[in-house]
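Engineer: Note that the protein sequences, when read in sequence, are chains U and C.
To convert a position in the first sequence, counted from 1, into the numbering used here, add 2.
To convert a position in the second sequence, counted from 1, into the numbering used here, add 22.
Keep in mind that the hints were calculated from the coordinates and are not lab data.
Note that this is a predicted model, so its numbers are computed, not measured.
Each residue gets a CB set at the ideal place from its N, CA and C atoms; glycine is no exception.
Watch out, some of these pointers could steer you wrong.
As the list claims (entries may be wrong) - List time: in silico DMTMM-like cross-link candidates among lysine to aspartate or glutamate, alpha-carbon distance up to 20 Å:
(1) K39/C - D153/C
(2) K39/C - D183/U
(3) K39/C - D69/U
(4) K39/C - D162/U
(5) K39/C - E165/U
(6) K77/C - E116/C
(7) K77/C - D59/C
As the list claims (entries may be wrong) - Per the computed footprint, the stretches of chain U lying under chain C, defined by three or more beta-carbons under 8 Å from a beta-carbon of chain C, are:
(8) 106–119
(9) 224–234
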Amino acid sequence: MKQTIAPFAVPSTDVVNHGGWRLGTADGEISLPVDVEHWDYQTVLRLSAPVSVDRARALDEAGLSPDTDLAVLVTVRSDHTGCQRRVALVAVPPQARYDLAIEFELDGHDLGGRLDLDTLLVATAPVPARALAARRPASILWRARHRTHLEGQSSRFPTDSAEFALSRPSQADAGWVLQVDLTDPDASFMSSVRLTLNSGQPIVQDLLRGASDLRTAFLRRAINWDVTRQLALAALSSADVHDGPPDPDATSVAGVLRNILAAVWPHDEPTVLRRRLQDDPGSLEVHLQSQTRLFAAAR
Amino acid sequence: MTGPLLYPRLPREEGRKLLLGQAGMDLDGLARSAQLDHPAAAPAATGGRPVDPEKLLDLRDTIRSVAVQAGYPGALRRGSEQLFDRPCGTALFERMMIVPADAASEDVWTFLSLVLVPEIGPWRFPERAEDRMLGRPRNVMRRLWWRAWALGPDLDFSPDGCTPFGEDEFVGIMERPSIGGNPRTARAVRDAIWRLELARTGFGRSDLAREVTRRFRAFMSHIAVDALDDRELHGLLDEVGVAAVRAISINRDRQA
Chain U
3 MKQTIAPFAV
13 PSTDVVNHGG
23 WRLGTADGEI
33 SLPVDVEHWD
43 YQTVLRLSAP
53 VSVDRARALD
63 EAGLSPDTDL
73 AVLVTVRSDH
83 TGCQRRVALV
93 AVPPQARYDL
103 AIEFELDGHD
113 LGGRLDLDTL
123 LVATAPVPAR
133 ALAARRPASI
143 LWRARHRTHL
153 EGQSSRFPTD
163 SAEFALSRPS
173 QADAGWVLQV
183 DLTDPDASFM
193 SSVRLTLNSG
203 QPIVQDLLRG
213 ASDLRTAFLR
223 RAINWDVTRQ
233 LALAALSSAD
243 VHDGPPDPDA
253 TSVAGVLRNI
263 LAAVWPHDEP
273 TVLRRRLQDD
283 PGSLEVHLQS
293 QTRLFAAAR
Chain C
23 MTGPLLYPRL
33 PREEGRKLLL
43 GQAGMDLDGL
53 ARSAQLDHPA
63 AAPAATGGRP
73 VDPEKLLDLR
83 DTIRSVAVQA
93 GYPGALRRGS
103 EQLFDRPCGT
113 ALFERMMIVP
123 ADAASEDVWT
133 FLSLVLVPEI
143 GPWRFPERAE
153 DRMLGRPRNV
163 MRRLWWRAWA
173 LGPDLDFSPD
183 GCTPFGEDEF
193 VGIMERPSIG
203 GNPRTARAVR
213 DAIWRLELAR
223 TGFGRSDLAR
233 EVTRRFRAFM
243 SHIAVDALDD
253 RELHGLLDEV
263 GVAAVRAISI
273 NRDRQA
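Okay, chain U solo, but in the shape it has when bound:
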């Protein structure tokens, strides 16, 4: 989760112990999996989590009076719909330490894709005891994010296939096309980028059928190299991909492109890479070939 610097004192991260989310199933509760299988819009998920709050220490470290009201807030956000909502707001009773049982049902009508569950400890009515303490209602003192994927989207690059002879007759001999839409840098990466494989190519047909031989293995590596290369060049051509640390939780097209640059060139900012692209483009190209292991299978 991206680190946010609050303009007020916050307590240590261990003042809250989040026991992890449990998913209710027909066979009992299980730990929330990375992928929730057999999910659709009409599925209602039953989720619960034990959250232990060391209220006394949280308030003391945050510089807040014991009169301060605290609550645990849970929100959910879907990267497929962009919808975000509150699902639980539970007051923390005025005891030194308290174990809360957070439970709710989540119906699927506005979800799908990656689901982020954010748990926050908030001062709903802060009473500052020291100068740097929070003063505004709903000041966030602590946060944690958990994640799952609905519809099994955990590791899918947006990909489909089509016969180019019909949809792109002038490019019927191509192998694939990568489309990157950067008109809105905040748009979801999953809706802004699409790889389409040409099912009119016999070797692509073999790949789509799941063939696993030297030819299809090299094709996979070639696609990986080319897609990485195109995304890297798109990132470097965009003024919306900035210097600074990448955000591993980014889902926007600009954010993910920044992450791709960081994965390939972990020690170089985009500004430096742009200069290198002008001055010595070959060095970027050879680095890409090496990083994507284009020829690794040939050894």
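Take the given structure of chain U and dock chain C to it, following the hints.
Structural biologist: For chain C alone, coordinates are given in the frame of chain U:
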């Protein structure tokens, strides 16, 4: 028909094929080519009931009726696009009975835009840009449904003394996922902008809206808006509004 409806999904490459075929067609030709189905389109396998042809026909007639009221087939004059956009968004939201999870599917809007009412996209956006015709987030109708979801359903509504939102103001809210993705937050920001309009600050509402959303997002990094009650949220946004007016005023003085 009750319960959520599932709409046919036309994959992007099939959509591109259709677009190629429609490239040289005029509005009348496009309207006559409209269909209620397509061999490559199918709804999601689960999650609701597939929409029936009668419902699709009703939807098509509704969209066309809104377009005619806005002057179709005559070109929309610059500045009058909301004569179509707002009522169309409301109509789509009220008629489609689609859940947000399906409304977030590109392929649903590709089907509606290129198969059901193929003349509407080119009429509204004569340059026929691909991202308006295919079902991507800026699609001619997709963006309108989501506006109605977040800020409607009646997008033509405004309080006495105010005017309905325009394109810049809708975009300013909807293209900020932390605001546009939560109807309660989106409506609270909208209402705050209307209060500023009523206050007759002397500044343009679009400038105020831009400044308010920017400043409010800064607060959202450390204030859990979902933990604020309505009174607190209203108060925070009014504070943001005052700061926005002050900032614009200072900026204007500097430029003078």
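Engineer: With a cut-off of 20 Å on the C-alpha distance, tell me whether K77/C and D59/C pass.
Structural biologist: Holds: K77/C and D59/C sit about 12 Å apart, inside 20 Å.
Engineer: Holds or violated: K39/C with D162/U, Cα cutoff 20 Å?
Structural biologist: holds, 15 Å
Engineer: When you check the alpha-carbon spacing of K77/C and E116/C, does it fall within 20 Å?
Structural biologist: holds, 13 Å
Engineer: Hey, K39/C versus D69/U, does the alpha-carbon distance stay inside 20 Å?
Structural biologist: violated, 65 Å
Engineer: Need the status of pair K39/C, E165/U: alpha-carbon distance at most 20 Å?
Structural biologist: At roughly 10 Å apart (the allowed maximum being 20 Å), E165/U and K39/C satisfy the hint.
Engineer: Given that the segment 106–119 of chain U was listed as covered by chain C, double-check it with a C-beta distance under 8 Å for 3 or more residues.
Structural biologist: Answer holds; 5 residues pass the 8 Å Cβ test.
Engineer: CA of K39/C to CA of D153/C, is that 20 Å or under?
Structural biologist: holds, 14 Å
Engineer: Would the pair K39/C and D183/U pass a check requiring their Cα atoms to be no farther apart than 20 Å?
Structural biologist: holds, 19 Å
Engineer: Verify the coverage statement for the segment 224–234 of chain U against chain C, using a C-beta to C-beta distance below 8 Å and requiring 3 or more qualifying residues.
Structural biologist: Answer violated; 0 residues pass the 8 Å Cβ test.
This entry does not satisfy hints 3 and 9, going by the numbered hints stated previously.
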